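Produce the complete structure using the sequences and hints provided.
If you read the sequence shown in the numbering used here, its first letter stands for residue 1, the second for the next number, and so on.
Mixed in with the good hints there might be a few duds.
List of simulated lysine to any residue pairs, SDA-like, C-alpha gap at most 20 Å [said to hold, decoys possible]:
1) Lys-294 / His-245
2) Lys-300 / Met-218
3) Lys-47 / Ala-78
4) Lys-127 / Phe-206
5) Lys-63 / Ala-78
6) Lys-300 / Arg-247
Keep in mind the hints are simulated off the structure, nothing from the lab. Bear in mind that the values here come from a model prediction, so they are computed numbers and not experimental data.
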Amino acid sequence: QNLSCLSLLIPVSVGLCVLRRAMAPSLVVILGATGTGKSKLAIEIGKRLQGEIISADSMQVYKGLDIITNKVTAEERAQCAHHMLDFVDPLVRTYTVVDFRNKALDRNKLPIVVGGTNYYIESLLWKVLLDTEVSDRKMELEKLGGEELHKRLAEVDPKMASMLHPNDKRKVARSLQIHNDTGVPHSRWLEEQRQGGDGLGGPLRFPDPCIFWLHADMEALDQRLDARVDEMLATGLLNELQDFHLRYNRQKLQDESQDYQHGIFQSIGFKEFHDYLTAPESSSQQERDKLRDKGVEALKIATKRYARKQNKWVRNRFLKRKFLSASLCIE
1 QNLSCLSLLI
11 PVSVGLCVLR
21 RAMAPSLVVI
31 LGATGTGKSK
41 LAIEIGKRLQ
51 GEIISADSMQ
61 VYKGLDIITN
71 KVTAEERAQC
81 AHHMLDFVDP
91 LVRTYTVVDF
101 RNKALDRNKL
111 PIVVGGTNYY
121 IESLLWKVLL
131 DTEVSDRKME
141 LEKLGGEELH
151 KRLAEVDPKM
161 ASMLHPNDKR
171 KVARSLQIHN
181 DTGVPHSRWL
191 EEQRQGGDGL
201 GGPLRFPDPC
211 IFWLHADMEA
221 LDQRLDARVD
231 EMLATGLLNE
241 LQDFHLRYNR
251 QKLQDESQDY
261 QHGIFQSIGF
271 KEFHDYLTAP
281 ESSSQQERDK
291 LRDKGVEALK
301 IATKRYARKQ
311 NKWVRNRFLK
321 RKFLSASLCI
331 E
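Structure below.
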């Protein structure tokens, strides 16, 4: 994959026990920044170990937008069974990480988890999630202003309120919903979950997982990501976005109900091409070309920023888990 570095993280042990468990893991996870070749490695491991691939990508669960979400091709799927792809209606606003976890874990063969949505990966590795579903109540709460939501949370769960910004309406509403549904503050739920784990989450769900972290020199990765955006454009990205916009998004914008904060509309690419997709029909070709170029540049910037965010999560959260110490990282 032309990677400058590949890290294999394995559980602490000694001698041949380490090798034996790494050769026969209960779970394989491949994580890292977008563009580092995770999907290709997953297919090779899947074929070698007769496993099945679990896509851990919060945008790839939705139907459509195959190019912008970078879904594996039909040819790649034929090489190894893939799950958690392309099955949720794009207009569904209530699909959650809990829904993902419950469906993803129903497998008989070796699960090979691969993707860039890190909280999806966390949900499979650790027992950290509440089972409360997203309710209509949460949807109603999100219609309120951020300051009002945050004030309500501070009244019932000041500890959680101190950790959340008023502008983060989705998380504030989620914490309020958990309190309303269970009668217990969200912060207390999290504390109880951590008692069986390592301070950042609950206990491991699978013993002896084998985890690959793929990463590359950032300058080389930036060039690769720019080239990938150019390839997306060459394979029909703009047509895909325009078609999706006409079928799903235009009416929502007219109704002022689309804010790019829910479902597949959060996908990198929609916000960046918003001005291009909503340009008046009277716009000249020169104006449309200018908006297109603006979207392309914004997409490249957003993709590279996302890659850095993914690496930051690995370093600042994942590698700080107590079951992973510095001595376990083998470069």
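Hint-by-hint comparison with the structure:
no.: 1; hint: Lys-294 / His-245; verdict: 18 Å, holds
no.: 2; hint: Lys-300 / Met-218; verdict: 14 Å, holds
no.: 3; hint: Lys-47 / Ala-78; verdict: 11 Å, holds
no.: 4; hint: Lys-127 / Phe-206; verdict: 10 Å, holds
no.: 5; hint: Lys-63 / Ala-78; verdict: 19 Å, holds
no.: 6; hint: Lys-300 / Arg-247; verdict: 25 Å, violated
In this structure, the one hint that does not hold is number 6.
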